[in-house]
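I would like the entire structure built from these sequences, with the hints used as guidance.
Residue numbers (full-length UniProt numbering): 1 to 917.
Hints are not guaranteed to be accurate.
[Unchecked claim] With a straight-line cut-off of 25 Å between C-alpha atoms, the simulated DSS-like cross-links for lysine-lysine are: (1) K876 with K897; (2) K108 with K307; (3) K528 with K481; (4) K329 with K307; (5) K566 with K616; (6) K566 with K169; (7) K307 with K332; (8) K108 with K124; (9) K171 with K523; (10) K616 with K689; (11) K169 with K426.
None of these hints come from the bench; they were simulated from the model.
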Amino acid sequence: MPAPEGNRTPQAYSAADVEHKWYQHWLAKNYFHSEPDEREPFTIVIPPPNVTGVLHMGHMLNNTIQDILIRKARLDGRNACWVPGTDHASIATEAKVVQRLREKGIKKSDLTREEFLAHAFEWKEEFGGIILQQLQELGASCDWQRTRFTMEPELYRAVIKVFVSLYRKDKMYRGLRMTNWDPEAQTVLSNEEVIYTDENSNLYHVRYKVAGTDDEYITIATQRPETIMADTGLAVSPTDERYLRYHGRQVIVPLVNRPIPIITDDYVDPEFGTGALKVTPAHDPNDYALGEKYGLEVIDILTPDGKLNEFAQVGVGLDRFEARTEIVKLLKASGDLVATTQYRTRIGRSERTNAVVEPRLTLQWFLRMDDLAATALGAVESGEVRFHPPNMVNMYRNWLTPENVRDWCVSRQLWWGQRIPAWYWKDEVFVAETAAEALAQAQQAHPEANLQLEDLQQDEDVLDTWFSSWLWPLSVFDGWKDTRELQYYYPTSDLVTGWDIMFFWVARMVMAGYEFSEDLLGKDFVEKNGRMPFRNVYFTGMVRDEKRRKMSKSLGNSPDALELLKTYGADGVRFGMMSSAAAGNDIVFDAPIDPQTQKVLNTSELCDQGKKFCNKIFNANRLLQGFTVSDRAPDALELLAAEWLLAKLNETTGEVDRMLGEYRISEALRTLYNFIWGDFCSWYLEAIKPADGVISRDTYEATVSAFERMMTLLHPFLPFITEEVWHGLRERREGEDCVVSTWPKVEDFDAALIQSFTLLQETVSHIRYIRSQREIAPREPLQLFVEHSPASEALLGANAGNSPGGFRGAREFLQKSGVLSAVALTDAAPDNALPFLFGNDTAYLVLNETIDQAAERAKMQAELDRLRGFLAGIEKKLSNERFVANAPEEVITLERKKQADATAKIASLERILRVNA
RNA sequence: GGUCGAUUAGCUCAGUUGGUUUAGAGCGUUGCAUUGACAUUGCAGAGGUCACUGGUUCGAGCCCAGUAUCGACCA
Numbered sequence: 001m002p003a004p005e006g007n008r009t010p011q012a013y014s015a016a017d018v019e020h021k022w023y024q025h026w027l028a029k030n031y032f033h034s035e036p037d038e039r040e041p042f043t044i045v046i047p048p049p050n051v052t053g054v055l056h057m058g059h060m061l062n063n064t065i066q067d068i069l070i071r072k073a074r075l076d077g078r079n080a081c082w083v084p085g086t087d088h089a090s091i092a093t094e095a096k097v098v099q100r101l102r103e104k105g106i107k108k109s110d111l112t113r114e115e116f117l118a119h120a121f122e123w124k125e126e127f128g129g130i131i132l133q134q135l136q137e138l139g140a141s142c143d144w145q146r147t148r149f150t151m152e153p154e155l156y157r158a159v160i161k162v163f164v165s166l167y168r169k170d171k172m173y174r175g176l177r178m179t180n181w182d183p184e185a186q187t188v189l190s191n192e193e194v195i196y197t198d199e200n201s202n203l204y205h206v207r208y209k210v211a212g213t214d215d216e217y218i219t220i221a222t223q224r225p226e227t228i229m230a231d232t233g234l235a236v237s238p239t240d241e242r243y244l245r246y247h248g249r250q251v252i253v254p255l256v257n258r259p260i261p262i263i264t265d266d267y268v269d270p271e272f273g274t275g276a277l278k279v280t281p282a283h284d285p286n287d288y289a290l291g292e293k294y295g296l297e298v299i300d301i302l303t304p305d306g307k308l309n310e311f312a313q314v315g316v317g318l319d320r321f322e323a324r325t326e327i328v329k330l331l332k333a334s335g336d337l338v339a340t341t342q343y344r345t346r347i348g349r350s351e352r353t354n355a356v357v358e359p360r361l362t363l364q365w366f367l368r369m370d371d372l373a374a375t376a377l378g379a380v381e382s383g384e385v386r387f388h389p390p391n392m393v394n395m396y397r398n399w400l401t402p403e404n405v406r407d408w409c410v411s412r413q414l415w416w417g418q419r420i421p422a423w424y425w426k427d428e429v430f431v432a433e434t435a436a437e438a439l440a441q442a443q444q445a446h447p448e449a450n451l452q453l454e455d456l457q458q459d460e461d462v463l464d465t466w467f468s469s470w471l472w473p474l475s476v477f478d479g480w481k482d483t484r485e486l487q488y489y490y491p492t493s494d495l496v497t498g499w500d501i502m503f504f505w506v507a508r509m510v511m512a513g514y515e516f517s518e519d520l521l522g523k524d525f526v527e528k529n530g531r532m533p534f535r536n537v538y539f540t541g542m543v544r545d546e547k548r549r550k551m552s553k554s555l556g557n558s559p560d561a562l563e564l565l566k567t568y569g570a571d572g573v574r575f576g577m578m579s580s581a582a583a584g585n586d587i588v589f590d591a592p593i594d595p596q597t598q599k600v601l602n603t604s605e606l607c608d609q610g611k612k613f614c615n616k617i618f619n620a621n622r623l624l625q626g627f628t629v630s631d632r633a634p635d636a637l638e639l640l641a642a643e644w645l646l647a648k649l650n651e652t653t654g655e656v657d658r659m660l661g662e663y664r665i666s667e668a669l670r671t672l673y674n675f676i677w678g679d680f681c682s683w684y685l686e687a688i689k690p691a692d693g694v695i696s697r698d699t700y701e702a703t704v705s706a707f708e709r710m711m712t713l714l715h716p717f718l719p720f721i722t723e724e725v726w727h728g729l730r731e732r733r734e735g736e737d738c739v740v741s742t743w744p745k746v747e748d749f750d751a752a753l754i755q756s757f758t759l760l761q762e763t764v765s766h767i768r769y770i771r772s773q774r775e776i777a778p779r780e781p782l783q784l785f786v787e788h789s790p791a792s793e794a795l796l797g798a799n800a801g802n803s804p805g806g807f808r809g810a811r812e813f814l815q816k817s818g819v820l821s822a823v824a825l826t827d828a829a830p831d832n833a834l835p836f837l838f839g840n841d842t843a844y845l846v847l848n849e850t851i852d853q854a855a856e857r858a859k860m861q862a863e864l865d866r867l868r869g870f871l872a873g874i875e876k877k878l879s880n881e882r883f884v885a886n887a888p889e890e891v892i893t894l895e896r897k898k899q900a901d902a903t904a905k906i907a908s909l910e911r912i913l914r915v916n917a
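Listed below in C-alpha cells is the structure:
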C-alpha cells in the first residue's frame, strides 16, 4: 500500500543528508563527553595524530576500531571516554613552518627562538588539527572537550617534570654518541627515523703507502673516499696472510700524508673488498667502535651541514658529495686510485628530508633503557598488558631483549618542542624545572662565583616528540597537576595502534606507566588497580595498496580519505575498512590503481558494499513503515517467523558478544551483515510480507522490536544508518537515541527451532534450485508431498504444534516461500514427482511436466553412492577400537548420530529407487 | 646475515585449545528472474587433492620436522 506521494520516503538512502544531522545531534546532546562518576569507566586515549597530518587510510582504520570499541562500551552502560588530541611532531612541523617562512621570504636563522615559536604556534592555530575535524566526518565519538596537544602548557610542564625527575633518578645522562645526523635538518635522528634502501654506489680501491718503503702499498676499498682525510687507522684481519708482514707498522694517508697505524681485528672480513679497511672513527659507527678499542685519534672533517671543514685540509668548504668527486679526481691524479667497481649498498636517508644520513659524533641526552625495557617486557609477558593478536608479543620481546635495547637519544636540534631543562656553566650542568632553580643549584655549588642568570646557558635542543607522547595516558588526565581524574580513568582500557610504532610508542608508554604511576597515584592505588597505562593493545595492520605497498603520502598510492567518505558515506567506508581488517594482519585496500596514470582511484568495492548495506537496511524499514497495521490475530506463519527471528537474534547477539570480546571485530560485523541481510531481510521479511499490505499488530511490534535491537547491535560499526533507522522505527522521546540505547542481553532461545527451520530453508532452496534447473517459473505453484515419519509428522502433520519438538507454521512457511499450492504428508509416491531428501525422509515435488525418470535415477544413484562412501568412513572410524577408547564422548555420540542419519538417508534413497524402478 | 610471519577458490581473506555430515565468506564468474522495500535487487549454480614431503595422533587445514616460494622487521 503505497504512501501518499507527498511524504513518501525516498527510495535510496543518502548518507550525506543523514550523517551530518546525527553527528550534530550527538554533539548537541553532549553524549561523547565523560565526567568521572560511579559507573565503571571505559577509556581510550587516541594515538595522537601528527598535528600537520591530514586524514589517511591508516587513521580511518585505526579510529574506526577505536570508535567501535568506545561505542560498544557506551551501549554497555560503561562511562565511555575517548580522549582525542594531536602531537606536535617536532621535525615534521618545524619543516613545514620553515618552508612557510621561506615562502614569505623569512629565514629561520634570522629569527630568535621566541619569534620562531610564535610563528609555529600561529601555524598550528591556522592549519593544525584539521585531522580532528576530519575524524568527525568518520563519526568518531571522541570527547572533544578533552582535546589535548602535546605542546600545550600543561603537557609541556609534565614533560619537563619528567625529565628532571628522571635526571634525579640518574636515568638521564649526556654522552657523546655516534648518531644519525640529518645535515639538511641539522638534527639527530633516531634509528627509526632513518630509512635504508639499496642504492647504487661505487667501491673505490685506494692504495696507502706503507711507511718506510718506497713502493709497497696496501690497497683498501671504500665507498666514501671523501673521508680519507679523517682516517686514523688501517685495519686488517689478524690471520690474513697478505698483510702479516705489515703488522705493527704504519701507512701514509694519501693527499694529507699523515702516518696512521695498522691494526688487526677479527671485525675485518678478508673476503670483502681487498681485505683491508680504512678506519675513520669520526664518520662511521663501526670505525668508531674500532677506534675506541685501539685508542685511535678522532678527526671530524665535516661541518653540521655536511661540508668539509678545515681539518680536511683538502677540498675545504665543499659539500660531501662534491668532495667525493673532487677527491676521486685528486686520487686519480696522484695514481693512488687503483680501481673503481660498481657496488650496491644500503644507504640510510632521513625519513623527513630524504637527505643521506651522516654518522656523526654529538653530545646528546640519553635515557637509560635497561631497567625500563625489562619492566616493559615483564608487563606484557605477565599478562598485565594484553596484546591482540597475542603473537605480537614475539615482535615486542625481540625488540626489548637486553641485546637489542639501546639507550634512547631524546635530544633534537630543533626549536619546536619542549626545550631541554638543562643549564650549563663552564663544564657543569644543572637540571631543573626553571632557570631560577638551576641558578640556585649553581649558586649553591659555587657560592664564590656570584653567579647570575645570564652566566648560565640553557641547552639549545628540544626533546624528541615521543618524549611527550610516551606520557600520553597519564598526561591527558593532567596527572602531574591534579590526580583526581587520573584516579578515575587510569589505567585506560584499550589502546589501538599500528604495530609499526610498537617500539616508538607502545613500549615507551608501558615504561612510563610503570615508572610514574606510583609516584602520581600512590602505592595503594597502583597495587589495587595496576601500573599499566592500558590493559589491552589492539594492533592494526598496515593499509596497503593493491601492489602491497604501504599506503603513504610520499608514494601517492593512498586514496583520498575525504573523497571516499563523500562517495560512500562514513558508514560505507567504515564497513569497507572493517570487513577486510583482521587484527594485526595488513589489509590490502581495494582502491584500484589506474593503469594509465598509475594514480590511485578513489573507489572501493568494499566501501560500496557498505553503502549498499545501508541502503538495504533503509529499505527494510521503508517496507515495514509501508504496512498497514491491523488488530487481527497473527497467523501461524507470522508466529513461527517471529519466534524464529527472535531465536536467531539471540544466537547472533551471543556470537557478536563473543567475537567482540576476542577483538574479532571484522567477524562480528560480518556476522551482523549476514544476519540482517540474509536472515532478516531475505527470509523473515519475505515470510511475513502480507499480500494485501495489512499486518497484525503483534507481528509488527515483534518486527520493530527485533529491528531496533539489530540497530543497537550494529550501531558501533555503522553509527549513522542505525541512528536514522532507529528513529524511523518508532516515535522517540527526547534523549531516546540509538547511540545511548542498551546493548541487548542474550536471552534463552530455542536452538532446536533454529535447526528445524534450517531444514525448511534448505527445502525451499532446493525447490528453487529445481525450478531454476528446469526453467519452471518462480511464481508457478507446485505441490509438495513428504513421506510419513515421526519427524515429518512433528513438523508438517495436522497436529504439528502439539507434537514434541514440533511447531505450527512450517507448512505455511514452505507454501509461501516455496510457492507451493499444497504441502501434504503421504504414504505413496505421487505420479510424475521429483523425489529428494527432506531431512532423512523423502519429499516429492510434483511438476506440471514430464520427468525423465532415468536421468533422475542416475542422480539419485550418485547421491546414494556418495552417502554410502560417507557412511563407510564413519563406520570405519567407529569400528576402530582406539577411536572408541580415546575420543571424547561427545565426538563419539556425534559420529553415531552421523551414522544413524546417513543410514536413514540411504534407506530413503533406496526406497525411492525401488519404488521408481 | 639474524628474527618473526605467511602459503586455503580466479582475487582478497576467515577458519577459535586437533573432532558438526569430505573446508567458509566477500568480490568476481555462470544461469535465471523484473510493475509490489531495495537493480545500491532477488533466486540458484560452478569453482579448493588447504604450497610440497615426511612425522605425531583413533583423527591434521590446524601440532612437529624438513623443502620450496613470498613478505616484514632488525643488522
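* In rising order, the numbers of the hints this structure does not comply with -> Number 6 only.
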